[in-house]
Amino acid sequence: MQQDILINWSPQETRVAIVEHGAVQELHVERTLERGLVGNVYLGKVARVLPGMQSAFIDIGLERAAFLHVADVWHPPAEGESLSSSRASQPQIPIEKQVFEGQSLMVQVIKDPIGTKGARLSTQISIAGRLLVFLPQDDHIGVSQKIPTAQRDELRSRMQALAGKEGGGFILRTNGEDASDKELGDDIAYLRKAWARIKDASLRLPPQSLLHQDLNLLQRVLRDLVGETTQTIRVDSREQFDALKTFGAEFMPAAAEKLQHYKGERPIFDLYSIDEEIAKALARRVELKSGGYLIVDQTEALTTVDVNTGGFVGARNFDDTIFKTNLEAAQAIARQLRLRNLGGIIIVDFIDMAREDHREAVLAEFRKQLGRDRVKTMAGGFSQLGLVEMTRKRTRESLAHMLCEPCPTCEGKGIVKTPRSVAYDILREILREARQFTPREFRVVASPKVIELLLDEESQHLAGLSEFIGKPVSLLSEAAMAQEQYDIVLL
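For the record, in the sequence shown the residue sitting at position 489 is 489 according to UniProt numbering, with numbers rising by one throughout.
One or more of the hints may lead you astray.
Taking lysine to aspartate or glutamate pairs in the EDC-like style, the calculated list, with each CA pair at most 20 Å apart, reads [to be verified]:
| no. | residue 1 | residue 2 |
| --- | --- | --- |
| 1 | Lys45 | Glu63 |
| 2 | Lys258 | Glu20 |
| 3 | Lys199 | Glu250 |
| 4 | Lys258 | Glu277 |
| 5 | Lys182 | Asp214 |
| 6 | Lys471 | Glu433 |
| 7 | Lys324 | Glu360 |
| 8 | Lys449 | Glu405 |
| 9 | Lys117 | Asp59 |
| 10 | Lys289 | Glu250 |
Quick caveat, the hints were computed from the structure, so don't treat them as lab data.
Can you make the complete structure from the sequences, with help from the hints?
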């Protein structure tokens, strides 16, 4: 299926939309202030060595000196020794015998600075690609532990043949399990070029220089998202277009040829109403063209998708109505998973179907649509309760987690108590306070709706309580208070 990639760039945020047949399939967002330092490679200068802490402070040009612990100083494994056993078997050499003040040292950030603590560093360099991680200081060939054991030996042999004798080791990532030799070869070539640039920069640049920065979203678009089906990559910033052209010409010439600078007067995301699609992707309800709809609920443990017929009555009988709604829902759900970047366990509740052939057709369509997803998915059949259980690999934060935060009023519950429930809570609390304290007066401060209810429909109950406790109760409306908030002041 042919696709176009649209890139909307601003100094504070980069947004990328993947469009197929006029419909947005994926959204990627990166904010400048939220980009961390993990993965960055610097030429540092040792500022202080602390034998008592077995650590050193390294100046890498940031506001605070970074921190290198002796455990993060890299030692190559002995010949025939694995990477993991090397660390366990080697006695730890004191840090004062490995580094000295004023020394230039190539280091990589493994933990971002937090509060008053500087970044944590390692002298073992690793460069992440789309399918592989390159270990330029080691010859180890590894395979992700998440790949089944039975496939690891075969994949390791393939990797050894592809890596050749140029030096350096590789770790095959989980998403490289089904990659072709060409895809792996392209990733190897990219990673070797990146390492060559780092080595060259380390010889040319002074200490405290940044040698390599983990790719930004624009560069990852060329590396990870562009494929044979990509027709165009349109960028609305001349500066970023030129930078991508330069980057692509060196590392991904085929992808760079598809780059175009968008010069239209309308914002690039207006071409396909992408801002509207983002708003829809944050909503709980998703309308289907047939009149049916989906309800998507994202929780900590899993995501549930409920399919409903709504107002769809177009088919000749009820079974056909359900079948056609479920078929459309299968396509829409697969798209929503990509659009919202939902991962982990997902439970889909299709409308119950009486006929087995209908169930098989819906499941086949659902799996077909999931097959278009670049992220690994796995879907089971219909359970005894008529549910489809599936998983989708988590690759990054979901769109909702990236763009939204829990509501401060309901604290993420999605519901709040009714004014009447809050009013009754207040009456109970006044009674509780009256048994412990003897103030001159009780003053209730609450939201306007709650106060209005206490003055009107609940005025008799309030008067009865005041008479029972023998104290006056006054009311004060506070517009800034949320519906569930209230204070009882003892005067």
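Hints, one by one, checked against the model:
no. : hint               : in the structure
1   : Lys45 with Glu63   : holds, 14 Å
2   : Lys258 with Glu20  : holds, 16 Å
3   : Lys199 with Glu250 : holds, 16 Å
4   : Lys258 with Glu277 : violated, 25 Å
5   : Lys182 with Asp214 : violated, 23 Å
6   : Lys471 with Glu433 : holds, 12 Å
7   : Lys324 with Glu360 : holds, 13 Å
8   : Lys449 with Glu405 : violated, 25 Å
9   : Lys117 with Asp59  : holds, 13 Å
10  : Lys289 with Glu250 : violated, 45 Å
Hints 4, 5, 8, 10 from the earlier list are contradicted by this structure; the remaining hints agree with it.
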